[in-house]
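Taken in sequence, the protein lines are chains A and B.
Each residue of the first sequence is one higher than the one before, counting from 1 in the numbering used here.
Each residue of the second sequence is one higher than the one before, counting from 1001 in the numbering used here.
Some clues are possibly wrong.
Stated by the list, open to error - Derived list of chain A stretches under chain B, where covered just means 3 residues or more per stretch with a C-beta under 8 Å from a C-beta of chain B: (1) 3-17; (2) 61-68.
Said to hold, decoys possible - Residues of chain B clear of chain A, computed beta-carbon distances all greater than 12 Å: (3) Phe1027; (4) Glu1201; (5) Val1293; (6) Tyr1423; (7) Ala1425.
Just so you know, these hints were derived from the structure itself, not from any lab.
Heads up, the beta-carbon is just placed ideally off N, CA and C, and yes, glycines get one too.
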Amino acid sequence: MSDIPANLKYTESHEWVELRDDGSARIGITDHAQELLGDMVFIELPEEGDILDAGDECAVVESVKAASDVYAPISGEVIAVNENLADNPDLINKDAYDEGWLFVLKPSQAEELDELLDADTYGAKTTEDDH
Amino acid sequence: MPFIPHTEDDVRSMLDSIGADSINDLFDEIPEELKISALNHVPTGCTEMEISRLMSEHATRDNQGRCFLGAGAYEHHIPAAIWEITTRGEFYSAYTPYQAEASQGTLQLIYEYQSMMTQLMAMDVSNASLYDGASGLAEAILMAVRANRKSKSRRILIPKTVNPIYRQVSDTIIKNQGITLKELDFDATTGTISASSLPDEPGDIAALVIPMPNFFGSLEDVDTLTDWAHQHGALVIAVVNPTAMALLTPPGEWGSGDNAGADIVCGEGQPLGIPLSSGGPYFGFMCCKQQYVRQMPGRIVGRTVDLEGKPGFTLTLQAREQHIRRSKATSNICTNQGLMVTAATIYMALLGGEGLQQVARTAHQQTRQLHERLVALDGVDAIFNQAFFHETVVRFEKIDVDSVLSGLAERGILGGYSLKSTYPALGEALLICATETRTDADLNDYVSALEQVLTDKRH
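With the sequences and hints as input, model every part of the structure.
Structure below.
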């Protein structure tokens, strides 16, 4: 059973969103996603300043098994990216919800936040997937 | 008899299980106007005897006369050992075997090829090769658009001094992908891109293509062009002749500063031991800086260790390729020109750095000598006052270039490439090339044949 922190929001495509006090949103892929993908070997991140729409392909996580697209959970401008992943892509395997974050967005559509899944709903979805 | 293993019953049962009436139903998605019902220009089959005879007849049309024609494909001496080794059963295959467990020899050879190419180009990485130089440039353009993530314009600056066929092929491959090629005029006195040919405010450009030497054989000011491109946020795509790189500064060292060097290098590999063969098969090469390797198309062989810690070779970085990335792969090319690369690797290994340099130097000397002697003739002018490698341009004052070429052909000489259709502004211009295969006696023959042609036509 993978870890699904209750304070985060989620998408069906296995991204997590952390809404922070300053209004920005930190984004990564879930523990469940990293378990499915296996050891990470390369992470392609968006550029700071990129303007994303919800659902845009904005990053690629490549593991020894597969390369998967990461979709923007919400719309907004990229204001930071996790440079540490360039040399240490396995941070995603070790700590998907903190050190393994991908990028930070400044959300542009507040109402999109309501459409994200809470931990229980996401947890139920991943359990369904497992069966 | 068609070589299809399925019986009609097999086909029927497969169609039934997917709910299609006929095989043609599977192609319903393709609009009617794009479908071809008959291949009118393709003749019906021939027997082996007929095809052998036909090809022998075609073959006699080649090798007529001594070749002073370059324009993208070059006659070089190919030591006999190269194709003797290349066509050994261990290498000679209709398809490159990539399975690491069965093909260590082939994989090691490709790895050695990649290592040699990175040395020759002073670049970090090389792929296992592409189809040819022209499609290699198209792949380099697509790669630059992906790799230059700061640029959103999908605009490429391409000098008119790039081989016209390369420009045409690139345009065909990229035009439906929303990429635009903006052509740059060359300086009429040098035949190269000068500072004044470069736009003052280029706007957002993804890449600048720099040919070296360019289609006229002239040497571009690669350092200035590289720095200019990098200052404007553009990547540099170098299109180079591999033989010339034995003498000239390799693209990995172009320009200055932290960012120095071409970002992507591509070109035609034919000069490295591949016979002219009426135009193919040849191979394209491609190298890039390490930071862009995941955007590179084609196969890449890497060195690794097996479970017992012994060195071995295997395809690597395959997440770029179609079998993993599907429609988002870096290219729809997922093979290489294995046999041509085998020959090129053996060619480079046999000649060594020094041998390749000697080939390049002799070719340059022979072309320079030929050029000097031709422009000394009455009615023949130099066009460009720029240093060149093993090709350059002369112009005829009083006679059209096509009749010069036919006059030379009658005297057993393939005199060069007429620039009239692709560069009409240059007038009666001829691109000439003398590689190391042209002896001093050949040059004498060219000069006296041309003298005769000029005299004949004058009277």
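Here's how the hints hold up against the structure:
| no. | hint | verdict |
| --- | --- | --- |
| 1 | 3-17 | violated (count 0) |
| 2 | 61-68 | holds (count 3) |
| 3 | Phe1027 | 29 Å, holds |
| 4 | Glu1201 | 21 Å, holds |
| 5 | Val1293 | 10 Å, violated |
| 6 | Tyr1423 | 40 Å, holds |
| 7 | Ala1425 | 42 Å, holds |
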